[in-house]
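Asker: What follows is each chain in one-letter form.
Number of protein chains: 2
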Amino acid sequence: MLNPADDAFVQKLAEAVPDLWLGAPEPRYLEEPRGRWKGQAGVLAKPATTAQVSALMAFCHAARVGVVPYGGGTGLVGGQVCSDGPAPVLVSLEKMTALRAMDAQSLVIEAGATLQTVQDHAASAGRRFPLTLASQGSAQIGGCLATNAGGVNVLRYGNARALCLGLEVVLADGTIWHGLKRLAKDNTGYDLRDLVIGAEGSLGLITAASLRLYEPPAVEGTAVFAVTSPQAAVELLGLAQARFAGCVSAFELISGWGLGFLRDVGPEVHLPFAQDPDWSVLIDLGLPAGMEAEAAFADLYEAAGDRVTDAVVAQSAAQAAQLWQMRESIPLANRRIGAISSHDIAVPVAAIPDFIAEATALLNAMGDFRLNCFGHVGDGNLHFNVFPAEGRSRSDYDAPPVMEAVHKLVVERFDGSISAEHGIGRLKVGELARTADPAKLAMMQAVKTALDPRGILNPGVILPAPQKP
Amino acid sequence: MLNPADDAFVQKLAEAVPDLWLGAPEPRYLEEPRGRWKGQAGVLAKPATTAQVSALMAFCHAARVGVVPYGGGTGLVGGQVCSDGPAPVLVSLEKMTALRAMDAQSLVIEAGATLQTVQDHAASAGRRFPLTLASQGSAQIGGCLATNAGGVNVLRYGNARALCLGLEVVLADGTIWHGLKRLAKDNTGYDLRDLVIGAEGSLGLITAASLRLYEPPAVEGTAVFAVTSPQAAVELLGLAQARFAGCVSAFELISGWGLGFLRDVGPEVHLPFAQDPDWSVLIDLGLPAGMEAEAAFADLYEAAGDRVTDAVVAQSAAQAAQLWQMRESIPLANRRIGAISSHDIAVPVAAIPDFIAEATALLNAMGDFRLNCFGHVGDGNLHFNVFPAEGRSRSDYDAPPVMEAVHKLVVERFDGSISAEHGIGRLKVGELARTADPAKLAMMQAVKTALDPRGILNPGVILPAPQKP
Numbered sequence: 001m002l003n004p005a006d007d008a009f010v011q012k013l014a015e016a017v018p019d020l021w022l023g024a025p026e027p028r029y030l031e032e033p034r035g036r037w038k039g040q041a042g043v044l045a046k047p048a049t050t051a052q053v054s055a056l057m058a059f060c061h062a063a064r065v066g067v068v069p070y071g072g073g074t075g076l077v078g079g080q081v082c083s084d085g086p087a088p089v090l091v092s093l094e095k096m097t098a099l100r101a102m103d104a105q106s107l108v109i110e111a112g113a114t115l116q117t118v119q120d121h122a123a124s125a126g127r128r129f130p131l132t133l134a135s136q137g138s139a140q141i142g143g144c145l146a147t148n149a150g151g152v153n154v155l156r157y158g159n160a161r162a163l164c165l166g167l168e169v170v171l172a173d174g175t176i177w178h179g180l181k182r183l184a185k186d187n188t189g190y191d192l193r194d195l196v197i198g199a200e201g202s203l204g205l206i207t208a209a210s211l212r213l214y215e216p217p218a219v220e221g222t223a224v225f226a227v228t229s230p231q232a233a234v235e236l237l238g239l240a241q242a243r244f245a246g247c248v249s250a251f252e253l254i255s256g257w258g259l260g261f262l263r264d265v266g267p268e269v270h271l272p273f274a275q276d277p278d279w280s281v282l283i284d285l286g287l288p289a290g291m292e293a294e295a296a297f298a299d300l301y302e303a304a305g306d307r308v309t310d311a312v313v314a315q316s317a318a319q320a321a322q323l324w325q326m327r328e329s330i331p332l333a334n335r336r337i338g339a340i341s342s343h344d345i346a347v348p349v350a351a352i353p354d355f356i357a358e359a360t361a362l363l364n365a366m367g368d369f370r371l372n373c374f375g376h377v378g379d380g381n382l383h384f385n386v387f388p389a390e391g392r393s394r395s396d397y398d399a400p401p402v403m404e405a406v407h408k409l410v411v412e413r414f415d416g417s418i419s420a421e422h423g424i425g426r427l428k429v430g431e432l433a434r435t436a437d438p439a440k441l442a443m444m445q446a447v448k449t450a451l452d453p454r455g456i457l458n459p460g461v462i463l464p465a466p467q468k469p
Numbered sequence: 001m002l003n004p005a006d007d008a009f010v011q012k013l014a015e016a017v018p019d020l021w022l023g024a025p026e027p028r029y030l031e032e033p034r035g036r037w038k039g040q041a042g043v044l045a046k047p048a049t050t051a052q053v054s055a056l057m058a059f060c061h062a063a064r065v066g067v068v069p070y071g072g073g074t075g076l077v078g079g080q081v082c083s084d085g086p087a088p089v090l091v092s093l094e095k096m097t098a099l100r101a102m103d104a105q106s107l108v109i110e111a112g113a114t115l116q117t118v119q120d121h122a123a124s125a126g127r128r129f130p131l132t133l134a135s136q137g138s139a140q141i142g143g144c145l146a147t148n149a150g151g152v153n154v155l156r157y158g159n160a161r162a163l164c165l166g167l168e169v170v171l172a173d174g175t176i177w178h179g180l181k182r183l184a185k186d187n188t189g190y191d192l193r194d195l196v197i198g199a200e201g202s203l204g205l206i207t208a209a210s211l212r213l214y215e216p217p218a219v220e221g222t223a224v225f226a227v228t229s230p231q232a233a234v235e236l237l238g239l240a241q242a243r244f245a246g247c248v249s250a251f252e253l254i255s256g257w258g259l260g261f262l263r264d265v266g267p268e269v270h271l272p273f274a275q276d277p278d279w280s281v282l283i284d285l286g287l288p289a290g291m292e293a294e295a296a297f298a299d300l301y302e303a304a305g306d307r308v309t310d311a312v313v314a315q316s317a318a319q320a321a322q323l324w325q326m327r328e329s330i331p332l333a334n335r336r337i338g339a340i341s342s343h344d345i346a347v348p349v350a351a352i353p354d355f356i357a358e359a360t361a362l363l364n365a366m367g368d369f370r371l372n373c374f375g376h377v378g379d380g381n382l383h384f385n386v387f388p389a390e391g392r393s394r395s396d397y398d399a400p401p402v403m404e405a406v407h408k409l410v411v412e413r414f415d416g417s418i419s420a421e422h423g424i425g426r427l428k429v430g431e432l433a434r435t436a437d438p439a440k441l442a443m444m445q446a447v448k449t450a451l452d453p454r455g456i457l458n459p460g461v462i463l464p465a466p467q468k469p
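Chains as they are written, first to last, in the UniProt record's numbering: chain C, 1 to 469; chain S, 1 to 469.
One chain only, chain C, in its complex shape (with noise of 0.2 Å):
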């Protein structure tokens, strides 16, 4: 069982670490997007540097005080947010934001920067970080790292593990690990830099990490199709790659629901088609030098025949963006009408038509609700969003039940994922020990003890929190 972080434990520490900054959190802190939970705290900790994260994590260690640390605030499952058990230590690394080093295929940052900030740290070298977010702007780094954030790039360039090449990370006890390499590849032992990452500030704490750039594409272009089914989307994606291989870098389904939901309820966006087509794929492509995008496009819709009914290439970078605004506003869209129940789901990329078709029939048969399934699709990875009739209200309706009625079908229909890409975070630690293979789970606890056996990290997500002995 872990203390809190009383008053008496608050002033030694500060006697402990004189330079650290420490003070009440104000409500943001101990607030997440969906409003599930109120967060607890018994002091916020801003350090400045590396050296201060680890001497508060000593002397969290050695008080057997947790610690949990808060990027952005972004996140969607609760992994910011410790709303029982003892007050932690509420650890943001707002302060730690500096750009260490830059070279044409790797830069080196500290964890406490946005999103948005790394972008733009590459883009001033003429470099892309490819990651790529509604929640840039406050997302931090640090956090989308913990968390293995996914977004709409991963298709061509990978989650956020596969653009990340080294970390400094500090340990449940203090001790540094300073692995912050900027290499393609290393065989030196265990991969723990991707244990890390996705780890959800559990296994230790990000302090700064060593990302790649890329190149970006000679040539790109943006359009929206619209498809028959999902089945004509999973077979428009095998036509792109065909033709396009390495070059598609974004490929999203969109709704009917969802184009509604925005005509509802807003944000106010740009529809491209009058009227909405109950499926359509918006699509990025990022192709060679010599290329031309609306042709390639072009190239495309003549493939796809009757599995397209309409498409809109955009003709400018403005149009382009008014196309994403389109995919990005449907999160809020979403939080207007009031979800009962998110799934951040993945299975594999061929079975997306039978999920949709079978969810859909288990939610009719469940109840009346209106449904919103969207997203990655050339990931395999769907939202697949249950809200009220309209006319009701989500206290309405009995949550848990269609949370697990959802993620049975997936996992056990499809060996799918309950978490593709928000992670586990307080939200899934039920849904997580009921539906993961044992051996899985074992080893997930071996690891945790192994590397925070007083269990002071981030304690209560992804593995309950340590009982009383």
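Please keep in mind that the hints were generated in silico from the structure rather than gathered at the bench.
Each hint should be verified, as a subset may be incorrect.
Pairs count within a copy or across copies, as identical chains cannot be separated in the list.
The calculated lysine-lysine pairs, modelled on DSS-like cross-linking and capped at a C-alpha distance of 30 Å, are [said to hold, decoys possible]:
| # | residue 1 | residue 2 |
| --- | --- | --- |
| 1 | LYS46 | LYS440 |
| 2 | LYS408 | LYS38 |
| 3 | LYS46 | LYS12 |
| 4 | LYS95 | LYS38 |
| 5 | LYS95 | LYS12 |
| 6 | LYS95 | LYS440 |
| 7 | LYS46 | LYS95 |
| 8 | LYS408 | LYS12 |
Based on the hints, put chain S in the right spot on chain C.
Answerer: Then chain S, alone, in the frame of chain C:
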């Protein structure tokens, strides 16, 4: 301390797992390609099913007997041969080669299948499994994953780790982890898959894997460019990425030394230039439909200006194969000459020219050597191999000071890797302990102890074998 797999143990094992193939290993199971060590084994086991592997491991765990996995036997760092300590059980999965499933995006196959077999299955479905190694006819996919194999297409597709979606693994105590997911995105807890990949059999025994398949590029081409220097090679790579981002499949540096070795000792291969250039690069492009490879190479040649002095663009698949045969024959020529010390190093790509200059100067100051430096410049991974002067033999030289000097330069001056793609095995355990970050070593030991508390899995690989208590 472990117990030996002696006659009494083998007899009890045969009784406990009655259908398991057990026998004395033929000599080839106790050898490795460079002939540095001779292995030993109490018995060779060839399980036919995952259940047999599980029963075998549980029995060895109970008896504290070491288990050494033997794949295709092509590893270069002694991971497959245990030359001292108590005699282990040698395990070959050569009977486990079944293709369990395949669709357009992935296949699931047992670990004993060769890499060539995996490639052939993919090709039969019009897909490609892009891991490519000179030894792919012998190397097994289980070994490729256990060692996180690299090869010539890492630049475009990543190493073995990036090509694996899921694993089935038998743990030290015989527990089976059923992790054969076929998902591009799955953030349900710690990344155990990447922890087992690259662990060289020391954390679990991979029995099957789900692997990513790719659409072959619509247009492919191969060329060799003679460049004026390593700096010109790195700049040429930048020019290629600016034009063909995502479509440069391979970019291999070849030195005049290597071509000279081929002329001196064979094997006989066609060399593209009448006079061997000091430096050349072999380039594969995989382009979208509508492009022409020859025009793309001509554009690149034009852009390269005086960085390039000559080029040969393959006019047929046969000519492309000829150019690749030259590249793939260099390791055999090296073996015929007989290296004093081979260095599979990585540095940041931009640092390659400085590394080559400084390593060459270092060796020239140490004695009379021949050098052959070649490899995957696009990944920052060079094979910097040191040979005796003409007319002398490697027994005239003291190898360890050469290795230590090169590794010191790599680590201290370039923050590089002493094993970019071959792994640590038993060859580099001491070098890793000497050069790695202490926190990394401690984390690795903690993970090893957590997942294999008795130390029976490939003892002595990566970390030192368990000693007498």
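Asker: Does each hint fit the structure? Answer for all of them.
Answerer: Hints, one by one, checked against the model:
1. Within a single copy, LYS46 and LYS440 get their C-alpha atoms only as close as 35 Å, which misses the 30 Å cut-off; across copies the closest is 26 Å, which meets it.
2. Taking identical chains as interchangeable, the C-alpha atoms of LYS408 and LYS38 lie at most 30 Å apart only when both belong to the same chain, with a minimum of 28 Å there against 52 Å between chains.
3. Within a single copy, LYS46 and LYS12 get their C-alpha atoms as close as 16 Å, which meets the 30 Å cut-off; across copies the closest is 60 Å, which misses it.
4. Taking the closest pair of Cα atoms, LYS95 and LYS38 come within 30 Å of each other only inside a single copy of the chain (24 Å); across copies the shortest separation is 56 Å, beyond that limit.
5. Only within a single protomer do LYS95 and LYS12 lie at most 30 Å apart by alpha-carbon distance; the minimum there is 22 Å, versus 62 Å between protomers.
6. Only between protomers do LYS95 and LYS440 lie at most 30 Å apart by alpha-carbon distance; the minimum there is 26 Å, versus 36 Å within a single protomer.
7. In the homo-oligomer, the alpha carbons of LYS46 and LYS95 lie at most 30 Å apart inside one protomer (7 Å), although the nearest pairing across protomers, at 57 Å, exceeds that limit.
8. Taking the shortest Cα distances, LYS408 and LYS12 never come within 30 Å of each other, neither inside one copy (48 Å) nor across copies (43 Å).
Of the numbered hints given earlier, the model fails hint 8 alone.
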